[in-house]
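Okay, here's what each chain looks like letter by letter:
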Amino acid sequence: MLIRCRAGGEILDVPDGQDPHAALDANGCSHCADGHPLDVHCGAAANGCPREHPGPCWNGEGERPAGCAVCRPLLFIAGAGIGVI
Amino acid sequence: MANMADQTLTNALLQAMFTSSTTFTVTPGTSGGSAFTFTPPYKLRLMTAQGSNTSNGTESTSGNCPGYTAGGSSFGSSAFGTPSGGQQSNNNAVSWSATGSWSTVVAIEVWDSAGTPLRRLQGALTSNITGVANGDTVQFAVGSITINASAW
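Read top to bottom, the protein sequences are chains A and B. Per my numbering, residue 1 is the first one in the first sequence, and the count goes up by one each step. Per my numbering, residue 1 is the first one in the second sequence, and the count goes up by one each step.
Source of the hints: derived by calculation from the structure; they are not laboratory data. Think of the CB as a built atom: it goes at the ideal place given N, C-alpha and C, for glycine as much as any other residue. Check each hint, because a few of them may be wrong.
Claimed, not checked - Output of the computed footprint for chain A on chain B, the stretches with three or more beta carbons under 8 Å from beta carbons of chain A:
| no. | stretch |
| --- | --- |
| 1 | 111-125 |
| 2 | 133-144 |
As the list claims (entries may be wrong) - Some chain B residues close to chain A (C-beta under 8 Å, calculated; not the full set):
| no. | residue |
| --- | --- |
| 3 | Met47 |
| 4 | Ile108 |
| 5 | Asn128 |
| 6 | Ile147 |
Sequences and hints are given; from them, build the entire structure.
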């Protein structure tokens, strides 16, 4: 499954069975070609999380908190081959 | 009989069916069967269980895939591009914004916009869509869906 952090970054291929959100590392955008540090846009966005956990939610959080719409939202990139019925 | 149709004919049929942006009806001659109509724009539907070429899959719902609406989303005008080699791909991106956690999506179907919509295409995803959470976007980019009729 192909995903990309919506805050920026290149596309990652996540193996089946792996939580796509956990596939991003602590930086969240370490794969981003821009090379900006954690607190530029990812951390700033995460600090607005209503769950009020410290720092970006990927710090010390095994999984993205339920209901979090602020931290590391992903873009799922889907594709398919289909046949005429 | 494999590869039975001349590919020029295959391309022409595909283009008529899935590139046309207006409704048209095919009226066969004597003994050629009943007339049938193609009604764009086509809509992309997401499936939590794949169907077959004779039975519909199980469509995602706004309940198990919040942010998705049953009936799917439009491919826009001229859904698929000019065919080549018996294949064509989607001209426009289709995407949804999730408002909650999604069930796994395994397949897609393409339906027309008739009063009673008709299913025209079905197939499996290259990779299942799993783990979608609130705030995520599920996107089929331009060119990511391929119709393959090269074996006609």
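field: Restraint check, 8 Å cut-off on beta carbons, for B:Ile108 near chain A
entry: Holds, because the Cβ-Cβ distance from B:Ile108 to chain A comes to roughly 5 Å (cut-off 8 Å).
- prompt: Taking the closest Cβ pair, is B:Asn128 under 8 Å from chain A?
  reply: For B:Asn128, the interface hint holds, since the closest Cβ of chain A sits about 7 Å away, which is under 8 Å.
message: Would the hint on B:Ile147 be counted as holding, given a Cβ-Cβ threshold of 8 Å to chain A?
response: Because about 6 Å separates B:Ile147 from the closest Cβ in chain A, which is inside the 8 Å limit, the hint holds.
query: Mind checking, does the stretch 111-125 of chain B have 3 or more residues with a CB under 8 Å from chain A?
result: Contact hint for the stretch 111-125 of chain B vs chain A: holds, 7 residues under 8 Å.
message: Using C-beta distances, would you say chain A covers the stretch 133-144 of chain B, given that this needs three or more residues below 8 Å?
response: holds (count 10)
task: With chain A as the partner, please determine if B:Met47 meets the hint condition of a C-beta pair closer than 8 Å.
output: violated, 10 Å
The structure fails to meet hint 3 from the earlier list, while all remaining hints are met.
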